[in-house]
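K.L.:
What follows is each chain in one-letter form.
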Amino acid sequence: MNISVRSLRSLRGLSSGRRGAMNVFDRSTKRKQKEWASSLLDSDKYDYLRDEVGSRVADRVYDVSRTFPLALDVGCGKSHMAEHLSKDIVERLFLTDISDSSLRNRRKCEIPSHCVLADEEFLPFKENTFDLVLSSMSLHWINDLPGALRQPDGVFIGAVVGGETLYELRCSLQLAELEREGGFAPHISPYTAVTDLGNLLGQAGFNMLTVDIDEVQVNYPGMLEVMSDLQGMGESNCAWNRKSLLHRDTILAAAAIYKEMYGNEDGSVPATFQILYMIGWKPHESQAKPVKRGSANVSFADLSKMSKLQKTNEKS
Amino acid sequence: MSSSNVWSRSRARMRLFPELLAQCSGEAAAYGKCVASTTTGKQELTKNMCVKEFEALKSCFQSAAKKGVK
Chain A
1 MNISVRSLRS LRGLSSGRRG AMNVFDRSTK RKQKEWASSL LDSDKYDYLR DEVGSRVADR
61 VYDVSRTFPL ALDVGCGKSH MAEHLSKDIV ERLFLTDISD SSLRNRRKCE IPSHCVLADE
121 EFLPFKENTF DLVLSSMSLH WINDLPGALR QPDGVFIGAV VGGETLYELR CSLQLAELER
181 EGGFAPHISP YTAVTDLGNL LGQAGFNMLT VDIDEVQVNY PGMLEVMSDL QGMGESNCAW
241 NRKSLLHRDT ILAAAAIYKE MYGNEDGSVP ATFQILYMIG WKPHESQAKP VKRGSANVSF
301 ADLSKMSKLQ KTNEKS
Chain B
1 MSSSNVWSRS RARMRLFPEL LAQCSGEAAA YGKCVASTTT GKQELTKNMC VKEFEALKSC
61 FQSAAKKGVK
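Chains A and B are the protein sequences, given in the same order. Residues in the first sequence are numbered consecutively from 1, following full-length UniProt numbering. Residues in the second sequence are numbered consecutively from 1, following full-length UniProt numbering.
Please keep in mind that the hints were generated in silico from the structure rather than gathered at the bench. Some hints here could point you the wrong way.
Unchecked claim - Result set (EDC-like, lysine to aspartate or glutamate): computed pairs, CA atoms no more than 16 angstroms apart in a straight line: (1) A/K32 <-> A/D131; (2) B/K47 <-> A/D229; (3) A/K87 <-> A/D131; (4) B/K52 <-> A/D51; (5) B/K52 <-> A/D229; (6) B/K47 <-> A/E215; (7) B/K33 <-> A/D131; (8) B/K58 <-> A/D249; (9) B/K66 <-> B/E19; (10) A/K108 <-> A/D51; (11) A/K45 <-> A/D229; (12) B/K52 <-> B/E27; (13) B/K58 <-> B/E19; (14) B/K67 <-> B/E19.
In isolation and in its complexed conformation, chain A is listed as follows:
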């Protein structure tokens, strides 16, 4: 396996040219959180969600029955997808992540790979370099999603958390802060809704999108364990508008509310992760295009004759 770690720090100032870039997330805080999480001694304990989503994304790669000479894994973390992929499907793999210690602690895989330390929003690759771009559980912290996806080429298969993820935690904290403090601030990062995802991918120049939703429900002993696991996964909030303080009373109140409103019979509490899987293709001449208007040569009226046709086929 050929490994080379190159550090490419793009200057933030160059991003002013991007049109309409939102700035919701503090990327340097996210890098610090990921570094801290991957340098924990027991960081493998928190990998369950990433492993599960990584294996499901790898399944979708197998469904596309093609061999990809060059693939890119954006925001790979400790590389949870590569171990499920084989050399027949992906011949060479580039792994990028914003955090250096995640790349150093990554899982072994049989595909020859290169590691590149890069921010997902400023990928240092030319257009049309890759045949396959993968991303699992990292795009939900990117500020400018269409801009980030615009660069590489080929097929894009990704998974983000979205929609109703962690709604139990969000509601419990909201109610507790309302009751205890009289107002509430957002503690959970804003997620993309399923409906918006199609638009975002369309803006990034992808054709033929498929988006599907999967819900993973994980049971925890209580709210504190949910929060500490999220921290251990490196998924702490890094939005600029996050409140840096959570009062002790509010934590107590929210834990009680969580248990009462959402608790299971055996005393555990569920946390929902809604994973959105997307597959998008860059436009290509070989893709089927809609035919010109007026070129139809069968009519819908023939549908009624279909059943008669089937019966005659069965008899003969």
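Fit chain B to the known structure of chain A by using the hints.
P.N.:
Just chain B, lined up with the frame of chain A:
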């Protein structure tokens, strides 16, 4: 082991939180029910609407913390 500082001490205190909360499950359930009932009712949830239940929960929690967890 690194030296004990305010972060390691407060993290250690937070680790005790779930066990202490488990000792006050009755008060926690009462408080949770009070807040949950406002979500279905007509009134909006305002500050200190369930203050009685919360004070009961907090005092139970603090006495559990004073007793110490074995």
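K.L.:
Now tell me if each hint is right for this structure.
P.N.:
Results of checking the hints against the structure:
1. Annotation: proposed proximity of A/K32 to A/D131 is violated, straight-line Cα distance about 31 angstroms (limit 16 angstroms).
2. For the hint linking B/K47 to A/D229, the alpha-carbon distance of about 30 angstroms lies beyond 16 angstroms, and the restraint is violated.
3. Taking the CA atoms of A/K87 and A/D131, the gap is about 15 angstroms. The hint holds against a cut of 16 angstroms.
4. The suggested pairing of B/K52 with A/D51 is violated, with an alpha-carbon distance near 44 angstroms, which exceeds 16 angstroms.
5. For the hint linking B/K52 to A/D229, the alpha-carbon distance of about 32 angstroms lies beyond 16 angstroms, and the restraint is violated.
6. With a C-alpha separation of about 34 angstroms, the suggested pair B/K47 and A/E215 falls outside the 16 angstroms cut-off, and the hint is violated.
7. Proximity of B/K33 to A/D131 is assessed by CA-CA distance (about 54 angstroms); at most 16 angstroms being required, the pair is judged violated.
8. For a cut-off of 16 angstroms, the pair hint linking B/K58 to A/D249 stands: about 8 angstroms separates their Cα positions.
9. For the suggested pair B/K66 and B/E19, the alpha carbons sit about 13 angstroms apart, so the restraint of at most 16 angstroms is met.
10. For the suggested pair A/K108 and A/D51, the alpha carbons sit about 14 angstroms apart, so the restraint of at most 16 angstroms is met.
11. Taking the CA atoms of A/K45 and A/D229, the gap is near 9 angstroms; set against the 16 angstroms cutoff, the hint holds.
12. The suggested pairing of B/K52 with B/E27 holds, with an alpha-carbon distance near 10 angstroms, which does not exceed 16 angstroms.
13. As the CA atoms of B/K58 and B/E19 are separated by approximately 14 angstroms, the hinted pair is consistent with the 16 angstroms bound.
14. For the proposed pair B/K67 and B/E19, the alpha carbon gap of about 12 angstroms is at most 16 angstroms, so the pair holds.
Of the numbered hints listed earlier, those contradicted by the structure are 1, 2, 4, 5, 6, 7.
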